[in-house]
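Let the sequences and hints guide you as you build the complete structure.
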Amino acid sequence: MYRFLAEVPEGIPTHEARTRTRMSHECLDQAIDQLMTLRLLCRSSWEKGTLRALSPESARVQFVWPIVRELTRRQREVEAIREVYSELSQVYESATLHEAGSSPLEIIPDLPSVRRALTQLAAEATVEVITAQPGGARPAEALKESLERTDELLDRGVRLRTLYQHTARFSPATAEFVHHVTGRGAEVRTRSDGFVQLLLFDGKVAVTSLRDDRHGALIVRDPHVVAFMRTSFEPAWSTAIPFPSRYDPVTADQVLDDIKTTIAHLLTEGLEDKVIARRLGMSLRTCQRHVSDLMRRLGARNRLHLGYLLHSHQIRERGLVPRISSPIDTGS
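Numbering (this note's numbering), first residue to last: 1 to 332.
No wet-lab data here; the hints were simulated from the structure.
Note that beta-carbon positions come from the ideal geometry of N, C-alpha and C, so glycine has one too.
It is possible that part of the hints are untrue.
[As the list claims (entries may be wrong)] Beta-carbon label-pair distances, calculated as ranges:
(1) His305 to Ala123: 53 to 59 Å
(2) Gly183 to Leu218: 28 to 34 Å
(3) Ser238 to Glu83: 33 to 39 Å
(4) Arg82 to Asp110: 40 to 46 Å
(5) Ala140 to Arg211: 23 to 29 Å
(6) Ser292 to Asp110: 39 to 45 Å
(7) Gly194 to Gly157: 27 to 33 Å
(8) Ser283 to Arg115: 25 to 31 Å
(9) Leu271 to Ala140: 26 to 32 Å
(10) Val68 to Gly157: 41 to 47 Å
(11) Gln197 to Glu269: 18 to 24 Å
What follows is the structure, encoded as structure tokens:
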């Protein structure tokens, strides 16, 4: 129909178009309505009943421009709404910090208050809770205290990621706790060293230990600091080894290699046995057994000679420390 009308640029009366196209009244009226909707056809204002085809370019401008104008208007509305919500977010964050004590940092001095704060933060979490717990085996009391809180998080579908040190694997209480929570969907990994104590709730609130008080805690709500703490956690998590729900000899060998290699690194830094033991969450006796095993396998005559041999072997990564043939007691 459009081709027919375009071939008659001066226009054509409706009745003539019906005769020449041999279209029924209904079909012709329908075609005319469609073409006029698309701005490809108009009725002559000086010759009543005459139809004239319009150029597609002209039709495109007439048809699209109202849509563009509407989109522009809606875009301005969206930007205005975003600006309003951005201002409200700042008000909310400011009010939240004020309610928490007018500061993005809050010190909690005693253990009962810390536990109450953790319970409240866990109850408010909706997306993810991250836990980094160095220090080796977890005390049975601490595990029991956190079990109900952990189960409640998992019941609500909150993702739970926990990072321990390798030495936690040799604690029956910790292993039992991990078996329970991983069976319900939690993720638990371990590494030998290189992370600090930390809890993160939905990437918005962080809790960490105080420098000189193991019973207190610091709650951080500053978004920039919390983001930095989250960023610091991820590399440690990505290089950690999954904590299996059942004993796995291959993983156990890998864990012992990691422990031994880390001890070698720390020895080359000049750290004392008691400092290494505390840093890796193991007993001094266990640490000294690892050191003695390193001396024996490298043929070191004394600690000074061991340090020289470690440097000469360029102990830089797992696998350069001689593999132990049987597990060493790693208990605390």
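(request) Take the C-beta atom of Ser292 and the C-beta atom of Asp110, compute their distance, and say whether it sits inside 39 to 45 Å. (result) Distance hint for Ser292, Asp110 holds at roughly 41 Å.
(request) Check the following: the C-beta atoms of Gly194 and Gly157 are separated by a distance inside 27 to 33 Å. (result) Check passed, 30 Å falls within 27 to 33 Å.
(request) Using the Cβ atoms, figure out if Val68 sits within 41 to 47 Å of Gly157. (result) holds (43 Å)
(message) Verify the CB-CB distance for Ser283 and Arg115 against the hinted window 25 to 31 Å.
(response) holds (27 Å)
(request) Using the beta carbons of His305 and Ala123, state whether their distance is inside 53 to 59 Å or not. (result) holds (56 Å)
(message) Quick check on a hinted range of 23 to 29 Å for Ala140 and Arg211, using CB atoms only.
(response) With a Cβ separation near 26 Å, Ala140 and Arg211 satisfy 23 to 29 Å, so the hint holds.
(request) Indicate whether the distance between the beta carbons of Gln197 and Glu269 respects the range 18 to 24 Å. (result) holds (21 Å)
(request) Go ahead and decide if the range 26 to 32 Å is satisfied by the Cβ distance of Leu271 to Ala140. (result) At 29 Å between Cβs, range holds.
(request) For the range 28 to 34 Å, tell me whether the beta carbons of Gly183 and Leu218 fit it or not. (result) Distance hint for Gly183, Leu218 holds at roughly 32 Å.
(request) State, for the Cβ atoms of Ser238 and Glu83, whether the hinted interval 33 to 39 Å holds or is violated. (result) holds (37 Å)
(request) State, for the Cβ atoms of Arg82 and Asp110, whether the hinted interval 40 to 46 Å holds or is violated. (result) holds (43 Å)
Violated hints for the displayed structure: none, as all numbered hints are satisfied.
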